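Enquirer: This is what each chain is made of:
2 protein chains.
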Amino acid sequence: MALVREELHVSVTDPVSASMNFLNEIAERFPDAISLAAGRPYDGFFNEADLTRFIGVFGDHLRRIGRSERQVATTLMQYGRTNGFVGDLIARLLATDEDIQVPADAIALTTGCQEAMVIVLRALCATPRDVILAASPCYVGITGAARLLGVEIVPVREGRDGLDPAEVARVAAEVRASGRRPRALYVVPDFANPSGDCMSVDRRHALLAVAEDADLLVLEDDPYGLFGVDDRPRPKLKALDSDRRVIYLGSFAKTAFPGARVGFIVADQVVVDATGQQTLLADELSTIKSMLTVNTSAVGQAAIGGMLIESGCSLRSANRDRIAFYRRNLQALASALAMSFPPAERERRGIRWSEPAGGFFVVVDVPVVADIKLLELSAREYGVLWTPMAFFYGDGDGDQSIRLSCSALEPDRIDEGVRRLARLIADVSP
Amino acid sequence: MALVREELHVSVTDPVSASMNFLNEIAERFPDAISLAAGRPYDGFFNEADLTRFIGVFGDHLRRIGRSERQVATTLMQYGRTNGFVGDLIARLLATDEDIQVPADAIALTTGCQEAMVIVLRALCATPRDVILAASPCYVGITGAARLLGVEIVPVREGRDGLDPAEVARVAAEVRASGRRPRALYVVPDFANPSGDCMSVDRRHALLAVAEDADLLVLEDDPYGLFGVDDRPRPKLKALDSDRRVIYLGSFAKTAFPGARVGFIVADQVVVDATGQQTLLADELSTIKSMLTVNTSAVGQAAIGGMLIESGCSLRSANRDRIAFYRRNLQALASALAMSFPPAERERRGIRWSEPAGGFFVVVDVPVVADIKLLELSAREYGVLWTPMAFFYGDGDGDQSIRLSCSALEPDRIDEGVRRLARLIADVSP
Numbered sequence: 001m002a003l004v005r006e007e008l009h010v011s012v013t014d015p016v017s018a019s020m021n022f023l024n025e026i027a028e029r030f031p032d033a034i035s036l037a038a039g040r041p042y043d044g045f046f047n048e049a050d051l052t053r054f055i056g057v058f059g060d061h062l063r064r065i066g067r068s069e070r071q072v073a074t075t076l077m078q079y080g081r082t083n084g085f086v087g088d089l090i091a092r093l094l095a096t097d098e099d100i101q102v103p104a105d106a107i108a109l110t111t112g113c114q115e116a117m118v119i120v121l122r123a124l125c126a127t128p129r130d131v132i133l134a135a136s137p138c139y140v141g142i143t144g145a146a147r148l149l150g151v152e153i154v155p156v157r158e159g160r161d162g163l164d165p166a167e168v169a170r171v172a173a174e175v176r177a178s179g180r181r182p183r184a185l186y187v188v189p190d191f192a193n194p195s196g197d198c199m200s201v202d203r204r205h206a207l208l209a210v211a212e213d214a215d216l217l218v219l220e221d222d223p224y225g226l227f228g229v230d231d232r233p234r235p236k237l238k239a240l241d242s243d244r245r246v247i248y249l250g251s252f253a254k255t256a257f258p259g260a261r262v263g264f265i266v267a268d269q270v271v272v273d274a275t276g277q278q279t280l281l282a283d284e285l286s287t288i289k290s291m292l293t294v295n296t297s298a299v300g301q302a303a304i305g306g307m308l309i310e311s312g313c314s315l316r317s318a319n320r321d322r323i324a325f326y327r328r329n330l331q332a333l334a335s336a337l338a339m340s341f342p343p344a345e346r347e348r349r350g351i352r353w354s355e356p357a358g359g360f361f362v363v364v365d366v367p368v369v370a371d372i373k374l375l376e377l378s379a380r381e382y383g384v385l386w387t388p389m390a391f392f393y394g395d396g397d398g399d400q401s402i403r404l405s406c407s408a409l410e411p412d413r414i415d416e417g418v419r420r421l422a423r424l425i426a427d428v429s430p
Numbered sequence: 001m002a003l004v005r006e007e008l009h010v011s012v013t014d015p016v017s018a019s020m021n022f023l024n025e026i027a028e029r030f031p032d033a034i035s036l037a038a039g040r041p042y043d044g045f046f047n048e049a050d051l052t053r054f055i056g057v058f059g060d061h062l063r064r065i066g067r068s069e070r071q072v073a074t075t076l077m078q079y080g081r082t083n084g085f086v087g088d089l090i091a092r093l094l095a096t097d098e099d100i101q102v103p104a105d106a107i108a109l110t111t112g113c114q115e116a117m118v119i120v121l122r123a124l125c126a127t128p129r130d131v132i133l134a135a136s137p138c139y140v141g142i143t144g145a146a147r148l149l150g151v152e153i154v155p156v157r158e159g160r161d162g163l164d165p166a167e168v169a170r171v172a173a174e175v176r177a178s179g180r181r182p183r184a185l186y187v188v189p190d191f192a193n194p195s196g197d198c199m200s201v202d203r204r205h206a207l208l209a210v211a212e213d214a215d216l217l218v219l220e221d222d223p224y225g226l227f228g229v230d231d232r233p234r235p236k237l238k239a240l241d242s243d244r245r246v247i248y249l250g251s252f253a254k255t256a257f258p259g260a261r262v263g264f265i266v267a268d269q270v271v272v273d274a275t276g277q278q279t280l281l282a283d284e285l286s287t288i289k290s291m292l293t294v295n296t297s298a299v300g301q302a303a304i305g306g307m308l309i310e311s312g313c314s315l316r317s318a319n320r321d322r323i324a325f326y327r328r329n330l331q332a333l334a335s336a337l338a339m340s341f342p343p344a345e346r347e348r349r350g351i352r353w354s355e356p357a358g359g360f361f362v363v364v365d366v367p368v369v370a371d372i373k374l375l376e377l378s379a380r381e382y383g384v385l386w387t388p389m390a391f392f393y394g395d396g397d398g399d400q401s402i403r404l405s406c407s408a409l410e411p412d413r414i415d416e417g418v419r420r421l422a423r424l425i426a427d428v429s430p
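Respectively, the protein sequence lines represent chains A and B.
According to the numbering used here, the first sequence is numbered sequentially starting from 1.
According to the numbering used here, the second sequence is numbered sequentially starting from 1.
Honestly, I wouldn't trust all of these hints.
Quick list of the computed label-pair ranges, beta carbon to beta carbon [to be verified]: (1) GLU212/A - PRO128/B: 34 to 42 Å; (2) ASP395/A - ASN21/B: 27 to 35 Å; (3) ALA209/B - SER68/A: 24 to 32 Å; (4) ASP395/A - ARG70/B: 38 to 46 Å; (5) VAL428/A - ALA177/B: 43 to 51 Å; (6) VAL10/A - MET339/B: 39 to 47 Å; (7) GLU381/A - PRO128/B: 27 to 35 Å.
The hints are simulated quantities; they were obtained by calculation from the structure and are not laboratory data.
Since the model is a prediction, treat every value here as computed from it, not as a measurement.
Yeah, the Cβ is synthetic: ideal placement off N, Cα and C, and Gly gets one too.
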């Protein structure tokens with residue numbers, strides 16, 4: 001029998017999925033092109049010996065706290081608690097690195113941060129009236145999760161200097177006036193993907209005040225937080241959150257390794273039922289988690305647990321090399337851009353980018369329509385890949401901007417990639 | 001701030017979730033009670049050395065097929081292909097053990113079989129008209145997945161001798177007549193959870209014929225297929241499926257270990273779009289998978305891959321000990337029931353069960369309402385846990401039946417558990 005594609009769920013055929021598939025296809029068709037598109041961590045940080053050592057360290061930890069051999073084996077291999085078994089280590093990590101104080105039972109382990117988004121959106125959005133606001137341009141993971149669940153995402157446009165809390169208040173009021181209910185705002189305060197923006201501390205406070213006024217939760221996604229270009233303290237929204245309005249979404253993909261597929265949700269909100277009984281939101285989320293993936297891979301949790309134990313529950317300390325590497329790369333990207341697009345040419349052609357304060361990405365405004373046609377030409381004739389910013393808007397916007405990523409490459413490749421990009425732009429500019 | 005429980009998504013507060021939570025709570029409150037409720041695999045099959053060896057074996061396999069150290073490390077630790085990297089080994093497994101011939105690219109790895117259900121339901125059900133039929137009583141995983149997505153499940157009642165294809169045809173026609181579209185039938189042909197039923201080969205053929213007539217897909221879930229009480233061949237629906245109507249859902253939770261959280265979907269259906277372009281359903285499912293969990297834990301896949309390589313891609317051979325163990329346990333449960341409920345008493349009180357042909361479960365009809373109140377009494381006063389069958393219906397049915405599981409215990413504990421159950425039934429029977 002044959003199935004009809006248009007009769008499958010909309011998430012299969014939706015334009016963002018199609019764009020992402022197209023990007024992957026192009027990367028496969030032109031394997032020798034330099035990819036300034038890939039936002040994955042650098043391959044050189046991975047080795048098999050670390051992986052097995054982490055699992056061993058975690059097993060030893062279990063023995064040290066009194067578990068029998070049988071209990072160690074069942075922890076690593078049997079079904080387990082829905083919300084996972086390394087919440088205590090993550091609570092210590094959050095206290096050590098971020099001064100976030102939460103009990104272990106407010107932490108739900110997830111199959112990467114993507115599942116965390118699906119779980120939180122599912123829990124919060126009970127009816128079509130319940131919508132999520134999201135800083136725009138926006139990570140495709142959250143829009144994908146929303147599409148699967150039929151949840152509406154209302155964009156809050158970032159200005160040139162990032163997300164403005166006043167704009168959040170305005171959009172929230174507009175949504176409420178329309179009869180819908182804004183449940184939460186999704187935001188990446190530190191080095192957003194794709195914009196690379198970092199929110200100032202004043203704006204963080206202002207955003208929390210807006211959230212309280214507008215009765216919004218804040219979904220703080222933080223995959224890149226460790227990778228600032230300097231050591232300036234950047235308090236997480238969750239660390240400033242005296243009213244338990246922030247649900248913190250954690251990832252180990254960039255700070256440990258993506259193959260573990262381990263992320264987490266900090267959900268210390270109190271939930272009250274009609275009888276007045278109180279639970280933690282994390283407990284309610286576990287019901288949803290059990291219907292999605294039962295529990296998070298024990299092997300993955302053990303590997304992350306071992307890494308945490310080895311580093312004294314400090315990713316900041318475990319990631320010294322990576323922090324230095326990604327800093328150097330971001331500087332290499334900034335230098336390459338400055339070199340390949342000298343000020344006069346920038347001025348003449350209207351080329352522009354912001355100096356990012358950290359993360360993996362720089363957005364560059366270019367004087368041409370940067371669509372998948374141009375991307376294909378770029379891959380084929382110029383040997384360089386990048387991501388059209390239009391992918392991150394979904395409303396036709398961003399069509400003259402591109403996202404450059406520098407996480408997966410060595411600096412000399414970044415340099416060469418940007419030179420190739422400059423040749424493309426020079427050739428196709430009006 | 002406090003959230004209101006009743007304003008969270010219905011899946012959080014739904015009665016089946018509440019029942020399952022209650023079951024878990026009871027198990028925690030009475031840790032010394034013998035659990036004839038737990039359907040998890042036996043703990044004694046797990047040990048840490050196996051786990052690290054499996055991962056090592058898989059790494060060696062990658063080296064043998066020519067991968068560099070860097071490539072081995074990125075396979076184990078980096079982001080990977082959405083549909084996973086052990087599809088080729090699973091294709092060999094299916095050919096070896098089940099005579100199912102499918103190409104590796106028709107196989108999508110998933111975060112356990114639970115995610116497989118979510119992905120397939122999401123893909124097939126595009127509008128509220130699209131519904132799924134399910135043999136009833138029904139595994140709570142499929143109803144949970146449906147509830148998350150707002151997909152309607154229409155029960156097809158099993159008779160005393162299991163699922164009748166004619167009943168499937170009747171319900172499918174009824175659904176279609178009501179203006180809805182039955183997209184697929186969910187069924188566990190071998191030793192269903194909870195009923196323990198095994199479908200005859202004739203009925204398997206008849207079911208496929210009905211599926212063709214009614215234009216239904218069949219979702220064949222097969223977590224227990226290896227654990228028959230004898231070696232009689234029981235062809236999978238997928239092995240009989242000449243028309244590509246069967247989507248096979250695979251699990252390694254019982255045949256390898258649940259902590260890997262690795263399952264898979266065989267989706268070799270052709271999908272045609274409006275322009276006539278053809279893809280495999282597995283490729284379309286990967287788009288949904290990418291929005292749920294990005295990809296399946298590489299560490300989990302490596303562990304399962306290593307186990308497959310070690311066994312020559314035969315779970316049947318890797319599971320010789322487990323097959324013997326679960327057979328012995330099912331016989332122990334049957335003997336204990338026969339001993340504790342002698343024929344005369346069975347007759348007098350109206351106690352009844354079917355001799356199962358395999359799997360982990362036996363359903364017993366009892367002469368009392370077997371609800372959570374009775375379960376609590378059973379746990380507290382008699383020291384034995386079981387599962388009310390009403391949990392698996394969801395329409396108030398099954399209130400005088402219980403499911404007994406024998407997978408997690410040694411035979412002497414099964415024996416003692418059933419003796420305790422018999423005392424309970426004797427004391428509370430009218």
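Enquirer: Between ASP395/A and ARG70/B, is the Cβ distance one that fits in 38 to 46 Å?
Expert: 40 Å, holds
Enquirer: Take a look at whether the Cβ-Cβ distance between ALA209/B and SER68/A falls inside 24 to 32 Å.
Expert: 53 Å, violated
Enquirer: For the range 34 to 42 Å, tell me whether the beta carbons of GLU212/A and PRO128/B fit it or not.
Expert: Once the Cβ atoms are compared, 36 Å apart, the range 34 to 42 Å for PRO128/B and GLU212/A holds.
Enquirer: Quick check: does the Cβ-Cβ distance between VAL10/A and MET339/B fall within 39 to 47 Å?
Expert: 57 Å, violated
Enquirer: Mind checking the hinted window 27 to 35 Å against the Cβ distance between ASP395/A and ASN21/B?
Expert: For ASN21/B against ASP395/A, whose Cβ atoms are near 41 Å apart, the range 27 to 35 Å is violated.
Enquirer: Quick check: does the Cβ-Cβ distance between GLU381/A and PRO128/B fall within 27 to 35 Å?
Expert: 48 Å, violated
Enquirer: Just to be sure I understand the hint, the distance between the Cβ atoms of VAL428/A and ALA177/B should be within 43 to 51 Å; is that true here?
Expert: 59 Å, violated
Violated hints for the displayed structure, listed by number in ascending order: 2, 3, 5, 6, 7.
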